[in-house]
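Here the protein sequences line up with chains A and B, keeping their order.
Throughout the first sequence, residue numbering follows my numbering, covering 8 to 795 in sequence.
Throughout the second sequence, residue numbering follows my numbering, covering 8 to 795 in sequence.
These are computed hints drawn from the structure, not numbers from a lab.
One copy or two, either will do: identical chains are not told apart, so a pair holds if it fits within one copy or between any two.
Restricting the straight-line Cα-Cα distance to at most 27 Å, the calculated cross-link-like pairs of lysine-lysine (DSSO-like) are:
1. LYS511 <-> LYS722
2. LYS511 <-> LYS556
3. LYS722 <-> LYS520
4. LYS244 <-> LYS199
5. LYS520 <-> LYS556
Protein chains: 2
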Amino acid sequence: MNMHIAQGAPLGAQELARIDAHWRAANYLSVGQIYLMANPLLTQPLLPEHVKPRLLGHWGTTPGLNLLYTHLNRIIAARGQETMYITGPGHGGPGLVANTWLEGTYSEVYPHVSQDERGMGRLFRQFSFPGGIPSHVAPETPGSIHEGGELGYSLSHAYGAALDNPDLLVACVIGDGEAETGPLAASWHSNKFLDPVGDGAVLPILHLNGYKIANPTVLARLSDDELTALLTGYGHKPYLVEGDDPTTVHQLLAATLDAVCDEIAAIQGSARAGELTERPHWPMIVLRTPKGWTGPKQVDGLPVEGTWRAHQVPLSAARDDTDHLAMLADWMRSYRPDELFDANGAPLPEVVGWLPAGQLRMGASPHTNGGRLVRDLELPDFRAYGVKPGPLAEPTRVLGGWVRDVMAANAAYRNFRIVGPDETESNRLGAVLDVTGKAWHARTVDTDLHLDPHGRIMEILSEHTCQGWLEGYLLTGRHGLFSCYEAFVHIVDSMVNQHAKWLKVTRELDWRKPIPSLNYLLTSHVWRQDHNGFSHQDPGFIDHVVNKKADVIRVYLPPDANTLLSVADHCLRSRDYINVMVAGKQPAPTFLDIDEAVAHCTRGLGIWAWAADDGGDPDVVLAAAGDVPTMEVLAAADLLREQLPELRVRVVNVVDLMRLQPQTEHPHGLPDAEYDAIFTTDRPVVFAYHGYPWLIHRLTYRRHGHEHLHVRGYKEEGTTTTPFDMLVRNDMDRFHLVIDVIDRVPGLARKAAGLRQAMVDKRTEHTAYIRQTGQDLPEIRDWTPTRR
Amino acid sequence: MNMHIAQGAPLGAQELARIDAHWRAANYLSVGQIYLMANPLLTQPLLPEHVKPRLLGHWGTTPGLNLLYTHLNRIIAARGQETMYITGPGHGGPGLVANTWLEGTYSEVYPHVSQDERGMGRLFRQFSFPGGIPSHVAPETPGSIHEGGELGYSLSHAYGAALDNPDLLVACVIGDGEAETGPLAASWHSNKFLDPVGDGAVLPILHLNGYKIANPTVLARLSDDELTALLTGYGHKPYLVEGDDPTTVHQLLAATLDAVCDEIAAIQGSARAGELTERPHWPMIVLRTPKGWTGPKQVDGLPVEGTWRAHQVPLSAARDDTDHLAMLADWMRSYRPDELFDANGAPLPEVVGWLPAGQLRMGASPHTNGGRLVRDLELPDFRAYGVKPGPLAEPTRVLGGWVRDVMAANAAYRNFRIVGPDETESNRLGAVLDVTGKAWHARTVDTDLHLDPHGRIMEILSEHTCQGWLEGYLLTGRHGLFSCYEAFVHIVDSMVNQHAKWLKVTRELDWRKPIPSLNYLLTSHVWRQDHNGFSHQDPGFIDHVVNKKADVIRVYLPPDANTLLSVADHCLRSRDYINVMVAGKQPAPTFLDIDEAVAHCTRGLGIWAWAADDGGDPDVVLAAAGDVPTMEVLAAADLLREQLPELRVRVVNVVDLMRLQPQTEHPHGLPDAEYDAIFTTDRPVVFAYHGYPWLIHRLTYRRHGHEHLHVRGYKEEGTTTTPFDMLVRNDMDRFHLVIDVIDRVPGLARKAAGLRQAMVDKRTEHTAYIRQTGQDLPEIRDWTPTRR
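Please model the entire structure based on the sequences and the hints provided.
As structure tokens, this is what we get:
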């Protein structure tokens, strides 16, 4: 079993020369960025003071990235093919910076880094230098939607970008180190979800340069047979480009890119003509070139080019060691800069004159600055989907009706997708299947339902792939929703980190336009995983996201169906945030009518006067955040009203968790005076919270009266049991909340001793009852809230 | 390209009959667990009250799991082959419970669930029932090391278990849903790290039952050609077992298991005779049988068997709907229980008489209760590795010397491994390469270093795979260390959750013996990722782990090389914890001699009287947790001593972060009186912390004097810059700490206004200097702490 080898030598002498010149120029500029802080054109002899004192960067992957960028330029120029470049090996930052400078986009975005000697000097100096630019492909890099600092997400980002962009080619360079990661390994199967009619194409380019920091890569040490089998098994037709002689590799790579672009065009042509009968085997490229190619072959007697020693900075002592300095000068001169740049430092026409122009330049692709392309979603008025307060409703099912109509209203614009690991229906958003299918481009059988090559719901049992697709989709200016089990969204914790970092930096860059928010609907949440048990019970994702920059984080805990509608509408309109919505899918009471819900969500938190009468001066505040805690707090308020009618109880509900933080910490933070008016400064507050209780303390420790705050929440006690037993195990049940009130309101301990004991007995009765019957007490199952 | 098909029909009529009987018995018992709370033997007509009111469980995967368990029993009995069973589809809990009950281990572990009608009644009732057992394969299940609730880790767990157990076969059932996850996809390449000489064998069994909750699986819809290519590409020789006729499948599966066991024996034989010249292509099995096989074919007019509708509970209304109830009775009777159990409910000899005995029963394998096998590590006295206080030392390099000798001292016992994503050397633990190599069983070239098929260092660029290997290794009673970049350990957040949950539950089970702790060395940490930039800067893993049960979590922030030695020794001796050690790899001062280090680590936190004189009554407390914060606090103390000699400054250092919590919250919590004596109750405390500052508040909000606590830490400001600039950007530099002191000590604002301005100016000077030179100010680089 062998990879395909493209035939022919399509480059004439002149084209070959200019391609090689461009590659050398990119390599020269890359090396210059890593090493030099002065003397960029080497017009003077290279001196130690021209070399940066701290040498930071990654050379190893860079010549390969430069080679690919150069050759893709040829394809784009020849075919007018709109193309994006995704750099899996993000450490190769200097390469992308070099290429965008050569094509002119860098100087357009950053005019002070002009295409002349002065600009080149700044280009070199700023790289990995204080006050300059990061060492990786970063938000600061024009043409990028992908940092590649944390490896694994290039290919899912590429697919996300290609969705609904039928004319776009996304060239995705995958490092062979990155290819060892789980997220990357899973994302190969994305090709079963790509629609050759309505979506663009992804061209995976596996860059087998053979080494990580200190080890060979696994894929580089497979036999060609095994590697071919693997890539074929992933559904691709692999082409091999291998070599270490530039001329040979230039010809082979050019022939290969011609071949794969022709094949992609043929696949799309036949699909769009309705002639494709089965899933195409999309072409891909395996590029096997030496790590650190064209760099020093040996340093200090040890081999460097073609080994892991080329990973970072091959001449690490260039400033202090005369031999290293001389080698650096020789290395840079080996690219023959005088053939590449004029005396002023501008790239010569034979180097850059043939490059694509305008938005066809990969650094200038509007898709890579998605905010420039974004179109607001058409959002049907969610108020029309509200349900009556009182009867049980399944909040996510109610939301599903609206989401269906959002999907339908935007169908023509092809700019909205839902992703999730096989849970759209089980999370009760199934109504959306009335108007679109589930993307699927693999075999089907008669009993299948809703599978559709053109479907806009993307389901794969890989949270990583879902997240990567959605990020790629958002970063290129479209909208989406990720519906996920609450416990398992932790699988993408680190991806969320990286996206939050991306957003944080892009918000500081004027030229980066705001993109649609990353919207999570976390359902099947901790309190209603009583059937799946302990492994499925974890509310810690909220804790995880609130560590990120306040500017980009929003957390909503709508207590019922109507508030969920209001929150979801808000999230789908927003930009540049990570919105976390936590909502139940089980039948639950609706507390507010739709107008009350809007008002409540607008405030973000508030007193529910209809639930308890505090006479304007409460003895105790019962607060809740989350649907299940809200129910328990209301039930506790009912119990207190019945049993201790003279006790003035205030009920507070929190939808927008960030309102709890001081204004200094979060833009949504409630002013202290408002906080004090709601929570009081001196009365006990018993707070029932959806997640780990200490988060509420972490958000409020600077608030007045914090010493009177007592929080109940999930304290990591769970198993397969009844819904109410989950509450009892974590001491957040209505009976325990009543006990907490009795224990905390001054003077109540003696007066309400009987009630307290009755509550203890109720908990015991509950435990005995469920062990006998397997169900919660009827009074629990049948409880509904009282509106005063 | 086709999968292999084993030839022959090895089962005689009698053996076929008993195998089928055993399978039917396991299926009967599985269905009984899901549905019944009484009438287990169906001796009475089935009535609604016999059926549980809440039907919770997953039938779909169970018949396949039962089939495999049954056939593996045959192999074990015939060959005396020590075997473990890993259940990737952990939702199939009832199957594993059924099988261990049939083989007798269940009743040995839980005597009240005896092998008779009464015991069977309890077996059924307890499943997914309050006070009973979880619905998944869980810690409560004998013979399990793997829950399978969160999918993706079965295969890496299997490899971890097989390491250094040369006689063990680990049969690993991988669900085709699970196979879509990233962690699982990555772990296929584990076979390049398995030593056929010193390690046991892993037999992956891909169970292609075709469906997830609501969708087909990707792998089930590949062509056979593609699937064969994929599995071959993963390095396996795949055998196909396909069918829906029990007799045919029994014969084919038996023949296949004979074939693969013969092949495994041949590979191991030739490797152990020194005759293996290249990496073997280990056999694996693809089992393609219907989802919910032998269950209802149709329910309510819709197909169930062989579709996703068989995923959970096929007859969801068995208690309320007479048709469903009758179908349930028919379904259970279809297994012919009267041929399987005697009148007392005991399994008949023809069903279980042929099963393996004693520890060869998979439910009784001591490897699956690793604490029974664990041997303490031989730990050389770490004090001998201590360095002199003062000069710069690289803490992880100092640790590396000791780790090398730990590795050597335990070489004969083959019970210690290091895992990490390609970072053992870059994290400066390279000394260990003097005594062992890096596991590698793929191609090598001349320039490779330290690769060794028998190596005990496991490096792959997949944190998931590293974590899975190590968990499998620990759960089977061995020891290990995971060295990882701090930012990227978030990649395994969700795996850590699941392991913490496992530990929490096993600690509540007497029969589960304590296992070695999961030890993380997080280095290349947030403050010294100045070269890699923002994407590599995230200290939030600590926040993540402290949400787990206090009983299983320990976090250490040793400030220097000697304290790191002491902490590491402690962690490697411990059991049943998740230990997080955060330590630097860059040259840094050593503050304490080794004896002081031991004393300090024993206390977990303490006053450093040598660093500042507070006269027993400080005006301010400067506290630090973490190596870089410690340096800044000491430098700030130096500045204050020089500039404000009359100010009484106390310096406190925290190694064991959990000491900060109240005793009620964590077993390591310091008693309030001791806390007060160290931190005071009324003086300002300026606390420099390694991570996100609010964590310190979350740990201390119940402490006296919390309102005087002011914490500096990482507030998500980072980029590629100098080490000191990272501190300045996050306001944790020495100059800012001095400002914080001046702003908080009553009366100092006016008195020290000049100093305050000087500190502001210093920060400005710093910024200008680094932008000019690319390096920190010489006074920063050259600073060393003063011992009074």
